[in-house]
Structure formats: C-alpha cells, structure tokens
Amino acid sequence: MIRVLVVDSDATFLASLDVKLAPQRSTWELAFTTPETAGAALVSGAWDVVVVDLTANVDGTPALVRARDAQPASLRIALAPAGTAVGDLGAAHQVLPHQCDATVLRSTILRALELRSRLADPFVLELIGSLPTLPSPSAAMVELQQALGAVDVDTRQVGRVVSTDMAMGTKLLQVVNSSYYGLSRTVDDPAEAVRLLGARLTGEILLTVGLLDAVTSRGAGIDAQLAAMRDRSLARADLAATLAERAGRAQTLVRRVWNGAFLLDVGEMLLVGTEHEDDPALIDRRATIGGALLSMWGLPHHLVDIVALSDLHPERSTPEAVHYAWLASEFTARRLASQGATTVEQTAGHPDGNADGAYVPPHPADPELVSSVLRWAGLASVRIDDLVPELTAAG
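In this text, residue positions in the sequence shown follow my numbering: the first is 1056, and each later residue adds one.
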C-alpha cells in the first residue's frame, strides 16, 4: 500500500482531490490535511509521497522544509503558484502548478514512484558497482557537493570553491559564455558567474559537465567513440534548448533543459569499453543506469528524472524539460532517417547505434505522439521536418 499525504491551505481543493483520487484507494492510503494539523500528520508514520502547498507553513516553518526534515525518505511534490523562484524548490523532487488537476497529480506520483523503483534496482546498482572504471568526482567536485548540500547554500562559499580550482573555473566560463548558457555579456570571473547564475544553478552546470567529462575520459582505445557520443550529446542539448526558447520558456528552464538533454546518453557511455557494451539485455536499462549514476553523483532530482525515465513515452504530466529532451532525441532520429540511416542494418559501429556510436531510436516515434508532445511543449506550430536541415548542420 502506497501512503500519500497531501498538505494544502485550501480545504476546498483538498476535498476535491479526496473525491477525484478515490479510485486509487485500492492501492493508496490517502490522507489530506491543512498546515494547522500537518505537523502531527508528518510524524504519524512513514509516508511514501508528501504533496505540499509551497505557500504553507507548519509551526512557523515552510511546509516543504518541514516535510523534508520529518520525512527524508519520502517523495516530495511541491504545489507551486506561478512565478515561484526556483531556489524555493530545492527540497522538492517534483513541482506542479498549485491546484493542478487530480489526473496530473496522479500521473506525477506514479512517475515518481517508477523512478524510485528503477533507481533501487539491485541489478543496476550491482552492475554499476562492478564496472572496472567507475567515474568518481574530483576532490573539488566533492567540496562543491558539500557546499550545495547545506540547508542554506552560501553563494560566496560556492564561488570560492569554483574560483580556487582552475579546471572547474575554466569549464564554468566555457559553458556560461556559450550560446545557450550565455549571459547578457561576457563573463571572465568564475566568482562573478556564480553570483549571476546563483549557487544551485552553477553547481548543476558543473556537476553535469564534470560527470560527462569523467565518463568520457576513462582510458585509451575508447576515446574517439566517447568523444563522438559527447559531440552528439552536445548537439542534442543545443537543440533541446532551442526548442524551449522557441516555446518562450524562461531562461532558467532553458538552461536546465540543456543540462538534462546533455546527459541522456550517460548510461550508454558508461558501458562503452566494458564487457556489457553490446549486451542486448541492457538496452532497456541504459536510462536507469544513467539515472542511477547521476543520483550517485548528487545531481538534482529533475536531472535524474530526465535521464532515468528517458526511455518512456512522455505524457502530458511529464515535466516540461523531459518534453524538450525527448523531442530533441526524436528530431535526431529524423535527421538520421533523412540521411538514410533508418534501420539497425544501416547504422555502423554499434548494433543499436549510428556511425558515431551513439544510440538513437532506429525508427521515428508515432506521429500522433510527436504531435501531442509538441502541443504540450508549446510548439504546436513546429514541424519536425522543418528542423531536419538545422539538425544536419548541428550534427
């Protein structure tokens, strides 16, 4: 039985959810409470999922923070009003609009539980642990992770960590001055980049790039293949960010879309050069392997979500960043199809890959699904075929 607790200031909304989620009571134990009584509910036992009104306070503490402290093992979903600052959502695994539809909430909970189940798969964890060259964070990355793990992240401390490590500082400046991470002007001081972007987003950038660098620099003999896969990841990330920009999304989301799309192939990259590289039994587990590695490195929940569930068809309730990353992968498949590489037999180097060694779906997705995802992403007027020339140039 899955235990779900919903905390919200609006009693009418709670009553509506109680009615609309009633069909789940055969498999879910549901409880609804206002902030005034949430304190007792949060300590009344272990909850698998806690859904929290972001504007609520419990005994003088933000409800989301109280839920994290009282139920550290729970999946936490924040119901956030429009315009909520990203920094306010650090304790949430998922974020939904306040007073969202019950169907969306149900789908989000099921997706989050699927993610948790995947990441706890003993087979995947044992496989990753058995790899001969498991990428690990540098000492500077560990220090950065510790700084970001504080309840109140100190921007100055993060700036000091980045500024005192030449490789990390250089990498940050390369990324933030690029076309999709670019700020309104060129930045040449890592500490200034941290101040402009904020500590959490800076940490996300550095952990994202650092992880992929560690995965793609594991030894001679596979460098060329991994470099080609990294280039493809970069092109896909640029495309995903372009789509988010076309949809008019905020720059913060565009940057996070770029991060997630950049990491989609990390699970497959991790297997390159190992005895598991061509194991057909692992094709359907590469997304989970990638998500588990991100989780081990301490990357944010939303990036783990994008990667670990990237093999599932998107739904309307799927986070927006997943929509753009999925569409970028689909457009890449269309580009290969336009070049004649439409089947496994026509691709080279890998039984399920292309000439560069990176996996792409051998057949484009169902057109109706693509149209739906485009609509959900705010891109109903965009046609995939119109972007094929752009992809040819980008790839």
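Take these hints with a grain of salt, some might be off.
[Said to hold, decoys possible] Label pairs and their calculated CB-CB ranges: (1) Ala-1194 / Arg-1430: 44 to 50 Å; (2) Glu-1181 / Arg-1215: 37 to 43 Å; (3) Ala-1279 / Gln-1154: 49 to 55 Å.
The set of hints was computed from the structure by calculation and includes no laboratory data. All residues carry an ideal CB built from backbone N, CA and C; glycine is no exception.
> Of the hints given before, which are not true for this structure?
Replying inline: none
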